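Work out the full structure: start from the sequences and follow the hints.
Number of protein chains: 2
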Amino acid sequence: MSETNRQFTLAARPKGMPSESDFNLVESPIPTPGANQFVARTLYLSVDPYMRGRMNDVKSYAPAVQLGEVMTGGTVSVVTASNHPGFQVGKIVEGNLGWQEYALSDGTGMRIIDPDLAPISTALGVLGMPGMTAYFGLLEITNPKPGETVVVSGAAGAVGSLVGQIAKIKGCRAIGIAGNDDKVRHITEDLGFDGAFNYKTVSSYHDELSRLCPNGIDVYFDNVGGEITDTVISLVNPRARLSICGQISQYNLEKPELGPRWLTTILRSQVRIEGFLVFQFLDQYETGQREMAQWIREGKLKYREDIMEGFENTPKAFIQMLQGANTGKQLVHVADL
Amino acid sequence: MSETNRQFTLAARPKGMPSESDFNLVESPIPTPGANQFVARTLYLSVDPYMRGRMNDVKSYAPAVQLGEVMTGGTVSVVTASNHPGFQVGKIVEGNLGWQEYALSDGTGMRIIDPDLAPISTALGVLGMPGMTAYFGLLEITNPKPGETVVVSGAAGAVGSLVGQIAKIKGCRAIGIAGNDDKVRHITEDLGFDGAFNYKTVSSYHDELSRLCPNGIDVYFDNVGGEITDTVISLVNPRARLSICGQISQYNLEKPELGPRWLTTILRSQVRIEGFLVFQFLDQYETGQREMAQWIREGKLKYREDIMEGFENTPKAFIQMLQGANTGKQLVHVADL
Chain B
1 MSETNRQFTL AARPKGMPSE SDFNLVESPI PTPGANQFVA RTLYLSVDPY
51 MRGRMNDVKS YAPAVQLGEV MTGGTVSVVT ASNHPGFQVG KIVEGNLGWQ
101 EYALSDGTGM RIIDPDLAPI STALGVLGMP GMTAYFGLLE ITNPKPGETV
151 VVSGAAGAVG SLVGQIAKIK GCRAIGIAGN DDKVRHITED LGFDGAFNYK
201 TVSSYHDELS RLCPNGIDVY FDNVGGEITD TVISLVNPRA RLSICGQISQ
251 YNLEKPELGP RWLTTILRSQ VRIEGFLVFQ FLDQYETGQR EMAQWIREGK
301 LKYREDIMEG FENTPKAFIQ MLQGANTGKQ LVHVADL
Chain D
1 MSETNRQFTL AARPKGMPSE SDFNLVESPI PTPGANQFVA RTLYLSVDPY
51 MRGRMNDVKS YAPAVQLGEV MTGGTVSVVT ASNHPGFQVG KIVEGNLGWQ
101 EYALSDGTGM RIIDPDLAPI STALGVLGMP GMTAYFGLLE ITNPKPGETV
151 VVSGAAGAVG SLVGQIAKIK GCRAIGIAGN DDKVRHITED LGFDGAFNYK
201 TVSSYHDELS RLCPNGIDVY FDNVGGEITD TVISLVNPRA RLSICGQISQ
251 YNLEKPELGP RWLTTILRSQ VRIEGFLVFQ FLDQYETGQR EMAQWIREGK
301 LKYREDIMEG FENTPKAFIQ MLQGANTGKQ LVHVADL
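Top line first, the protein sequences correspond to chains B and D. Quick note: the first sequence uses the numbering used here, first residue 1, plus one each step. Quick note: the second sequence uses the numbering used here, first residue 1, plus one each step.
Certain hints may be false.
Here chain B is said to cover these stretches of chain D; the calculated rule only asks that three of the stretch's residues, wherever they fall, bring their Cβ under 8 Å from a Cβ of chain B [claimed, not checked]:
| id | stretch |
| --- | --- |
| 1 | 51 to 64 |
| 2 | 77 to 84 |
| 3 | 224 to 237 |
| 4 | 240 to 253 |
I should point out that these hints are in silico values taken from the structure, not numbers from a laboratory. For clarity, every value in this text was computed on a predicted model and none was experimentally measured. Just so you know, even glycine gets a beta-carbon here, dropped at the ideal spot from N, CA and C.
Right, here's the structure in full:
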């Protein structure tokens, strides 16, 4: 444990794929809590695709990270000093305290988690933001019916791997699209997807999807965008529902990409497309967490974590995740309890 | 009145914009009704954008017109001979009897209209398919709220001109996009749109839409597609709703057009896009017709018809409509009652 606090701040706004030099590792004193404040030590840090958007200085649903500011990010931490009656020393807390080893908080947006219920890291994964994204983004946005075919892109990632399993729980046929053969094997053999393919090695997305979805596509959960999504749209059934969760293929482009216009298909097949942000379901999280935890206990829902060791490797973990190296939820292990 | 029946059949499948030579004018005997059949003489014929799709030999929501077959199309007709107890001689009927002067029918898909309630031609316009398209495509698909900004493309057409007026009735700001200055004048001065522009003469769609929609765009009713739609999407507010009714800019392209990928905006702004076909609201038509007729009686809803004289000019009317020459509903007047 270092005597000082370490933080990653945003050093430069990347064009295209970020590099480690876009972040500065800076040292500062460990903060001291004022009235109604506490200090928490980071145990696990989450790196997620949405953070790429926060590095751009553009209007979005959340403010951009400013140059010199600590990078934003979800954390599981332990309270080490406190003047806050609701957050006593020793409590495990989940929230967004950013890329730093110690953080000061007044409790806003923080919740205490029970380490006896599930491993504390799950608060950043299957029972946290990615889990709620999969749960509500599939069930609330697309309302999948038994027997329907559900396709998910980014299918081995933190969200996608759960989406396919929830589709199976709901009686659907689940087809995954992922970026390497290990991921394809994992989601079909370990997670029970009905089919999957490696988009980096197949000769035709259209042929693979046609083969794996002989009855067409009723629901699409999109983490990726680009040509994969264009191809899915060419194969949708009437009244298909598309949940737009992520567009990771587009986030690192230096200029916007062109693609075929497909709104005529959306019209003729009476398709609904809806973009969502998980925060819109905040008041239903408890329901989602309860049901997801129940499915885990029943053995119906499996999750995998990719753990990078060491706070100093956070930028590396983030960049590798953007490049698709992870299978499951990418975390950084910063300290032991 | 001719002694024989005249029909337009499909002579060739057009690439791009149809021409008059894609249709054959053929003569045949006036049919004689069998048991439970009637013969009706066409009074008005409707020409509509959707017919362009039926000329292509591709899978769609409705079968393609075959070469040599009579072109499909909505009609208002009078029963001239009948062995059908439900359709007596002299009754005025609305349905889809196609591009011909006389048609045989067993009554399927036909309804009797009351000529005392409204001019019979309105059964093909404001109280028919275009009217129901505007009514349900706006109200059911986008649920506009008072104070919201509603943008409609193809705003002077049979559907668009009604959409903007219904938006006004619902307390919204209505902005139209149309293809000549007369149309712009008509929808703002005669129909009460809050603003409009001629997309063929402005230097920047973005600048015009920004100026006319200072509070952003909450609802978009799309008849056109292409670059106009891309620009609208760049200006949508969070939780905007897009109703995809038509894509007339795309129907006559010889190969699919490329455009910027905008699903990242759909995601970040939590936008819903829905394609619809008016037939999905068939069981609610009566409600829509009753409310639209009431608005017409109250002077809140105006409609305009563009009448082409003479059955032999039907292909010309159709092509001019596709080229945007009409303001309001394009009809062909075939015969007097």
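Hint compliance check: list the failing hint numbers for this structure, sorted ascending. 2
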